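The chain contents come next:
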Amino acid sequence: MSSTVPSGSQTLLVCAVDELPPGQVRKVDAERPIAVFNVDGVFYAIDDTCSHADASLSEGDLEGHLVECPWHVSRFDLRTGRPCSLPASKPVRTHAVEIRDGNVVVLVGTAPQLADGGARNVS
Amino acid sequence: MTGPFDSVAIIGAGLAGASAAITLRERGFSGRIRLIGAETHLPYERPPLSKDFLGGDLPPERLLVHPEQAYAERDIDLVLGGAAIRLHPAERAVELAGGERVEADRVLLCMGVRPRLAGVPGEWLSGVHYLRDLEHAMALREVIRRGVPVVVVGEGFIGSELASTLAGQGADVTLLMAGDLPMRPALGQEAAHWLLNRHRDSGVRVLARSPLKSINGFDRVESVEVADGTVLPAGAVVVGIGSEPVVDLAAGAGITVDDGVVVDSSSRTSIPEVFAAGDLARFPSRAFARRLRVEHWQNAQNQAANAVEAMLGHADPYDEIPWAWTEQHGNRWEIAGLPMLGTQVVRRGDPDGPDGALWVFSERGRVQGAVAVNRRRELRALLRALAGTVFVDEQAVRDESIDIRLAISSAETAVPAGEA
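Chains as they are written, first to last, in the numbering used here: chain A, 981 to 1103; chain B, 838 to 1257.
The set of hints was computed from the structure by calculation and includes no laboratory data. Values in this document were obtained by computation on a predicted structure and should not be read as measured data. Hints are supplied without guarantee of correctness; some may be wrong.
Sample of chain B residues at the chain A side, in silico, Cβ under 7 Å [stated by the list, open to error]:
#1 R969
#2 N1211
#3 R1217
In silico EDC-like pairs for lysine to aspartate or glutamate, Cα to Cα no more than 16 Å straight-line [as the list claims (entries may be wrong)]:
#4 K1007/A - D1027/A
#5 K888/B - E1164/B
#6 K1007/A - D843/B
#7 K1070/A - E1164/B
#8 K1007/A - D1041/A
#9 K1070/A - D1041/A
Every residue gets a Cβ at the ideal spot worked out from N, C-alpha and C, and that includes glycine.
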């Protein structure tokens, strides 16, 4: 369930909005892979690799705005990237998400626009 | 300074000790922190010792809980290679081997457990191994390289993981079990039986009801004798027959011990300035209405962090639900709660199938624990639910089309079986 984008690009096309329904996640392969989540219609993008070990957070479990690492159970807040439980102590990066022409797009390295870090599909 | 004290000595520099030291600083304590370890290594992760590390070529640095600079940046004094030999709580001091005394207004004991010795003739021969420390694992890597036949004694976590890793390395490996099934208390009958078959499929020679009688050889191991008189050739023996909490220091200071250091839900021992956490601490679990001592990674990390928060006066009572994992023969197992407390077991899925299996253990309808092989998500859902009181609908557990979260119900809404 991952799509590939040209390396070096700072704008990543993830998928069409309706390909990423609420409660789902998509991993985007990039120089540093990114995980994009849909929480009740709001999209969030964070670095996919757990800041503790090398686990893929897109394989973790989503509960509310928290994603739980599949390896060591650290939980990260998708809105801030901050870990809420050990063993992770460093945050993961968060990235702005935009909806363009019905597609989910991640602006890598750009801080999220919304106060809660997400992007809504307003179309 | 946020604490009503100036110095903390953390004794035991494993995962628990490291977790405590870092957490203490992150929570704003500005006094002196000493992290005292008998080993010369920086705190490292033990789970890989019997798995990835033993079966691969990971350098030891990859095992570190934190890099060295993480301690320096937080002004944490590492006192490594120097065991604490005596506590002087009344004098607020800890005595180290060599006679040095360090000040400690508060002490946290995190020395964990030590392997139980074989206790049979020949146990001191060269070629008899245990697995607790990095040095043990390094020595066992050499054994694998030499390609000698290995006898693993004991069918618990360590013995079973070792058998798997050694077989994965192509070693000639025999697993001596005292009972009939590997990891039976942790996994339950059916899952343990499935694991037994995986051992056999992978070429492990498994002998049931075969406790070790003696280890034979002149200057080094040549064979072992089993209780029924069977003699097996062996170039190395690895003993994994359980462990004992390191309570000497606590007992010597007059602290209450009972198969571990007894603590309250703030991780406080019977001497109020002394706390204990991790493998050696016996704490009151409200969730299971009994005292527990948990020898797993998650408990070491989280109880130690909670203990220093309690020391600083702002922690919730420690009441974490046990969680553990193991990897054997390419299968990922996870265990939540205390499966051994449940006499009713219901299975969901098929351990041989692509989605794995989940076993839910209950007692009079109340869920006590769960075991999963290659089925992590549902296990994690149950782990979260176990923080409350939950009852099982066995029919719904079996039905994979029903969300597992709907197959259990909380105390408020459930009518326990037999009370309707």
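Hints, one by one, checked against the model:
{"no.": "1", "hint": "R969", "result": "21 Å, violated"}
{"no.": "2", "hint": "N1211", "result": "12 Å, violated"}
{"no.": "3", "hint": "R1217", "result": "5 Å, holds"}
{"no.": "4", "hint": "K1007/A - D1027/A", "result": "9 Å, holds"}
{"no.": "5", "hint": "K888/B - E1164/B", "result": "7 Å, holds"}
{"no.": "6", "hint": "K1007/A - D843/B", "result": "47 Å, violated"}
{"no.": "7", "hint": "K1070/A - E1164/B", "result": "27 Å, violated"}
{"no.": "8", "hint": "K1007/A - D1041/A", "result": "14 Å, holds"}
{"no.": "9", "hint": "K1070/A - D1041/A", "result": "19 Å, violated"}
The structure does not agree with the numbered hints 1, 2, 6, 7 and 9 stated previously, though it agrees with the rest.
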